[in-house]
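Visitor: Protein chains in written order, with this note's numbering: chain A, 7 to 275; chain B, 1110 to 1416.
A hint or two may mislead.
What the hints assert, rightly or not - Result set (DSS-like, lysine-lysine): computed pairs, CA atoms no more than 25 Å apart in a straight line:
#1 A:K205 / A:K195
#2 A:K84 / A:K39
#3 B:K1314 / B:K1397
#4 B:K1397 / A:K205
#5 B:K1314 / A:K205
#6 A:K245 / A:K195
#7 A:K17 / B:K1314
#8 A:K84 / A:K245
#9 A:K39 / A:K82
If you're looking for bench data, these hints aren't it; they were derived computationally from the structure.
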Amino acid sequence: MARIIVITSGKGGVGKTTTSASFAAGLALRGHKTVVIDFDVGLRNLDLIMGCERRVVYDIINVINNESSLNQSLIKDKHCDNLYILPASQTRDKDALTLEGVERVINELAKDFEYIVCDSPAGIEKGALTALYFADEAIVVTNPEVASVRDSDRILGLLASKSRRAIENLEPIREHLLVTRYAPERVEKGEMLSVNDVKEILRIPFIGVVPESQAVLQASNSGTPVIHVNGADASDAYKDVVARFLGEDRPHRFLDVQKVGLLKRLFGG
Amino acid sequence: MSKLRLLFNSIAVHATMSPYKSPFDIKSASIDALALHLYTLDLARLEQAFSVRLAKRAGQLLHEPTLLDLATLEVNTSVDELLALRELTARFGLQAISIRHPDPSLADIAAAAGLGWMPPVIESTRLLAATAEAIPDAIATPAPEADIPATTGETAAVVAATEEEVSVSTEQPATVIEQHPIAAAETIVDKPALPTRHKTLIIDKPVRTGQQIYAKGGDLIVLATISGGAEVIADGNIHIYAPLRGRALAGAHGDMSARIFVHRFEPELISIAGFYRTFDTEPPVSLKGHSVQVYLDAERLVIAPLT
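Based on the sequences and whatever the hints tell you, model everything.
Guide: This is the structure:
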């Protein structure tokens, strides 16, 4: 049975798409057949982060409207074998997403894939609600600042009320807290909420932090999920997150200020 | 019935005894009324059935306030028909005050016949049960996408009223205008003689930002964190065995004896019967994060640590 995982946050710009790309790639690297769906219809981004924007022919809306088959729309990732991308439409808007259509697409994908990763758009409107509706698990991406935390809290409320599992009174969605763009030195200066602050407010199981890193921006611009950038903190962090998601017990890293050597300071990490 | 009269009495008292005040006050009132469920508008048949069922009680039913429930009828009624119906029920001691039907277009016709209109409501006990089952947004948020219009509408209406109270309460608590359009409908029971037993609503899941829980007609017990930006409301007392970081409003229908008990006190706002306090500046160290109770002493909001 395929697991459906939604990457969500409420607030925009916190790293949902970055996380979707690296998390899905991480699952694929671990040998699991994975598909990542971009639900941000009208503001298609995932294809850029995955570096497949020039290979998009058909998208999820075409599949929903029976204008293309699923196989025509799925794009095979160029970095790893087990990963496919189902892009969003650039020209349509969120109203084109229907629950029935998405359900049909997800049911069909569930026959072939072990994990279905849903990259949610920001906000709490139709796109976000559709992305989270079928989820079995949710990775709630939060930045260590109050607005992001509050929006995550709002999304947690929606997961507990507007998802299929909530409406049909099934076992609730498994929630995971992922804190991204974390900068321990700024936490120490009191400019940023600490992981413990965020955990205390949201009170859901914690799956890890992804440190603020130059590598993320560079990787995004070059169309490579940052998990593939060997040696980057963010890459190691995402690998840890995937491992923890798969049930491994890994100690948390990147929580404290690291002693940074001169060379590393010059060339980034 | 008696409460309805009380409403008018209180207006009169203010007019004669308080020359410095506004000549009238509007306050909310709940009345017990009979709900007369009609399954036909055939007046002859109704009259015959009334005379069998009600004739014996004609002396007891002295102008009893009555709601004409036409909800099961596909009504294509007229002013004259309603007037005739009103006259008929009056002869049997039932003073029709309003009709109840899902079609709002009947409101004008009812008004022309001197009757109010209200939509069908979910009985309060069932509402509480439903709220308890599925905490969340359908009922909890006055959001446009909510899918239970009847309940959501009610919650929204009551909350709007609550906030209105809040906004005027510091200046003139005595002249608070409360608009509770559904106050009468809520308490309609078929046997007004029985005392109403108010259910307690128990919430054991976190109340998240943007969610709203309303315990209609009773107490509310919350066993999980109430986040900032979330709101819990009760007509009775509120007990919170977890951190309160959002808003808590007890006595939402004006019960000044309602209290709030909080295990960990870090709220944005607390209110009892419309007397509120915000916490723009943090609560005093002796209270923040402690177990406290909140109650009204006359018209003063008291926050006291629980020892």
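Visitor: The structure should be examined with respect to each hint, and the outcome stated for every one.
Guide: Going down the list of hints, with the structure as the test:
1. A:K205 / A:K195: At roughly 19 Å apart (the allowed maximum being 25 Å), K195 of chain A and K205 of chain A satisfy the hint.
2. A:K84 / A:K39: holds, 14 Å
3. B:K1314 / B:K1397: Status holds; Cα separation ~23 Å.
4. B:K1397 / A:K205: Measuring from Cα to Cα gives roughly 20 Å; hence the hint holds.
5. B:K1314 / A:K205: holds, 16 Å
6. A:K245 / A:K195: violated, 28 Å
7. A:K17 / B:K1314: holds, 23 Å
8. A:K84 / A:K245: holds, 19 Å
9. A:K39 / A:K82: holds, 11 Å
Hint 6 from the list above is the single one not met by this structure.
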